[in-house]
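Engineer: Sequence:
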Amino acid sequence: QGDWSSDVCSSDLLTVRDTIFRANHTFFSSRDVVYPTSMAAGAHILVVEDDPAVRALLREGFEGAGYAVSPVGSKAAMVRVLASGPVDLITLDLELGKDDGFAMALEIRALRNIPIIMITGKGSPDDRVTGLEGGADDYVVKPFNIREVLLRTRARSEEHTSELQSPCNLVCRLLLEKKK
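The working numbering applies: residue 53 is where the sequence shown begins, and numbers increase by one.
Careful: at least some of the hints might be erroneous.
Label-pair ranges, simulated between beta-carbon atoms [what the hints assert, rightly or not]: (1) K150 with G94: 32 to 38 Å; (2) G149 with E210: 29 to 35 Å; (3) K150 with R199: 28 to 34 Å; (4) E210 with R161: 15 to 21 Å; (5) G118 with K150: 33 to 39 Å; (6) L203 with G94: 16 to 22 Å.
I should point out that these hints are in silico values taken from the structure, not numbers from a laboratory. Keep in mind that this is a model prediction, so the values were computed, not measured. Each residue gets a CB set at the ideal place from its N, CA and C atoms; glycine is no exception.
Please take these sequences and the hints and turn them into a complete structure.
Structural biologist: Have a look at this one:
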């Protein structure tokens, strides 16, 4: 394919990437896609994305696969959802206006052990490494294919579930229950 991005100016690049993104996703709807098996019926996914079109695409894809979805566009809204009840997985954009997705991932990791998939336009190798080192369980670059996001969601959730059910974690939970 080559690096087509070097042939256009940055504003054209954004337009071209947006067009490709929309072209890749316009035909994917809950009627058109065979979704992978979800992690659990009704599992709750928090979508943190400031672009309303991307947020809607993720919501439609996740809901079509049987997930409960809370789509939000800011850090403040994310904090409200996290405080209101359990969340099974978070998709997190890195560029949320004045909010820094890298810092948000670190804050989430400091408080909870929830799988985080970063979905962002930042695709340099350094950004990917920073995201993964900063607490992300996976890193997806826009434009993306919704089916890939659904498969990655299932894989991260299965890893997280098996980790929580490991013998060490089960013993720790039993000890904590015994102390109560």
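Engineer: None of the hints should be skipped; say for each whether it holds.
Structural biologist: Hints, one by one, checked against the model:
1. A C-beta distance of roughly 33 Å is found between K150 and G94, which places it inside the suggested range of 32 to 38 Å.
2. Against the hinted window of 29 to 35 Å, the Cβ-Cβ separation of G149 and E210 comes to about 33 Å, which satisfies the hint.
3. For the pair K150 and R199, the beta carbons lie near 32 Å from each other, so the given range of 28 to 34 Å is met.
4. A beta carbon spacing of about 19 Å between E210 and R161 agrees with the range 15 to 21 Å that was offered as a hint.
5. The hint said 33 to 39 Å for the Cβ distance between G118 and K150, and at roughly 34 Å that hint holds.
6. A hinted range of 16 to 22 Å holds for the C-beta pair L203 and G94, which are about 19 Å apart.
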